[in-house]
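Number of protein chains: 2
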Amino acid sequence: MADPRIAVIGGTGAVGTVALRLLRKRGYDDVRVFASARSAGRIIEGLTVEEATPDALAAGDIDVALFSVGTSASRELVPHAVRGGAVAIDKSSAYRLVDGVPLVVPEVNGDRALEHDGIVANPNCCTIPLTCALKPLHEAAGLGRVRVSTYQAVSGAGAQRMDALRREPVDEHNVGVDWSWEGDETEEESKIRAEAQKIMELPDLPISANTVRVPVLVGHAESVWIETEEPLSAAQAEEILRSAPGVQVVDTPTPRDAAQTDQVLVGRIREDRAAERNGLVLFLACDNLVKGAALNAIQIAELILARALV
Amino acid sequence: MADPRIAVIGGTGAVGTVALRLLRKRGYDDVRVFASARSAGRIIEGLTVEEATPDALAAGDIDVALFSVGTSASRELVPHAVRGGAVAIDKSSAYRLVDGVPLVVPEVNGDRALEHDGIVANPNCCTIPLTCALKPLHEAAGLGRVRVSTYQAVSGAGAQRMDALRREPVDEHNVGVDWSWEGDETEEESKIRAEAQKIMELPDLPISANTVRVPVLVGHAESVWIETEEPLSAAQAEEILRSAPGVQVVDTPTPRDAAQTDQVLVGRIREDRAAERNGLVLFLACDNLVKGAALNAIQIAELILARALV
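Chains as they are written, first to last, in our numbering: chain F, 1 to 310; chain Z, 1 to 310.
I should point out that these hints are in silico values taken from the structure, not numbers from a laboratory. It is possible that some hints are incorrect.
As the list claims (entries may be wrong) - Quick look at which bits of chain Z chain F covers, simulated, 3 or more residues with Cβ under 8 Å:
| # | region |
| --- | --- |
| 1 | 63-75 |
| 2 | 143-150 |
| 3 | 203-209 |
| 4 | 250-264 |
Yeah, the Cβ is synthetic: ideal placement off N, Cα and C, and Gly gets one too.
Please work from the sequences and hints to get the whole structure.
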């Protein structure tokens, strides 16, 4: 196979620009960038932005299409890229919970990426680091219950929100909710539960999330309480996480330390003094634009491209 | 009794200045302000700062001494104020867990304030709003377990940290830990547990806290998971909290909305989908300098002054 022909759709957004940077760093040469008509003609990472029209995406000259656009744009455009023969790796929530569409974190369920029928979904930026930390603990002791309180950077809501935070007087910095509500929880909270259940293939795992936006530009953090089926000490959990793929154990994970790294930082691992049995609590941080989004999508692409080479 | 003679010690700090403002707003006229020698002579809220020497505090002309100084300064100075006949209400952690010293949140255990022997301790700024929300739920259904993840404003670490955040480029804003460690948890985490147990008189209540500093100037927030002994629906919990003293139920509590109010905002009350039974999750926010500190101390003073009038 020749150099893979990669397209980044939504290449001018917060995740798209990181994807272009990572692709360049990883040595991909045949990269094109698409965005809305408004951005067509702009130069980004040395590439001229093309308009993401159905015809352009269906032209048959793309091997992997990395979509970092909104959910409705993904619903509209992804099928055209697939029709043109590309494998679409979609960052939006459009396809994540669709039966038959693999929802993939390479370190957790990478094999599923190869079962695609043209589309692989990239999970929510909180779900990815969470499952990286949970999966090895599940394999060791079986997950019983999970509670998670998030500290999410504004870049998770897009580049415009980053600009808004940069302009905001510090006195107005706040902690809050900017997701839609689905019944008694936020859309983000139900996403984290449903996606983590699908990725780990634990459809009945009880998960309760409390999602919160904080005035940080880049890097999500999460407080996580876990109950396991079998006893697992904090020391054992730390040992397991030290050899877990994609995870780096540190004393105190912070978004700033995680920023621009490929790793999920996990630390503050200790016994949960409130648990009846087998409880652990930990804190994690991850660059929501890198491992939480663009890097995870590229890793999925690489799994698929590696298979295509065989 | 004549107008109570009130002294604010540490009146130039983040909490002390709020105490002076609240005292003025509540109509107290006989207020003096003390601070370190460095600040003596400064004018604050129209008052000339006096040096907080042992002799000045022991002179016998203070009825209530509100201490908002560090733990070691409290250990040194509080006994002198008590020796001079004042009731000392101390914001530091010096006396909070000392046997015989009441640790008081007026809405939760106000009666205990009257049992003082010269000193009443004012709890940690996270413990105060937490117990305001927990106590009425405990009375209704019995608390079984509590897990809390905090979002703490930098003003909880003092006025200098507020200035530092104001100067910090937004790109450096972070989420992290700035407390000392006590074994496998932060000092703040063990304070929240021990203080909530003491205030609610539930010495064995299992509490697990994950304390986190966020780049917000004023206002602490907390994600709280609760398990109750008896069943308690989210609707019942909300009803109970609507009539709880010091609590205001809102859809989405935020630090900004709580700032400069006297209330603990509680919302996002829902069933905990991860609990085996009787689980609730909620979110709260509170002005850490007002109800979380200065107001709570003044409310304690008022309980004691009201008793002195009888």
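Against the structure, the hints:
1. For a cut-off of 8 Å, the count of residues in the region 63-75 of chain Z with a CB near a CB of chain F stands at 0, and the three-residue condition is violated.
2. A stretch counts as covered by a chain when three or more of its residues have a beta carbon under 8 Å from one of that chain; for the region 143-150 of chain Z and chain F the count is 4, and the coverage holds.
3. With 3 residues bearing a CB less than 8 Å from a CB of chain F, the region 203-209 of chain Z meets the requirement of three and the coverage assertion stands.
4. With a threshold of 8 Å between beta carbons, the proposed coverage of the region 250-264 of chain Z by chain F holds, since 4 of its residues qualify and at least three are required.
Comparing the model with each numbered hint stated earlier shows that hint 1 is the single one that does not hold.
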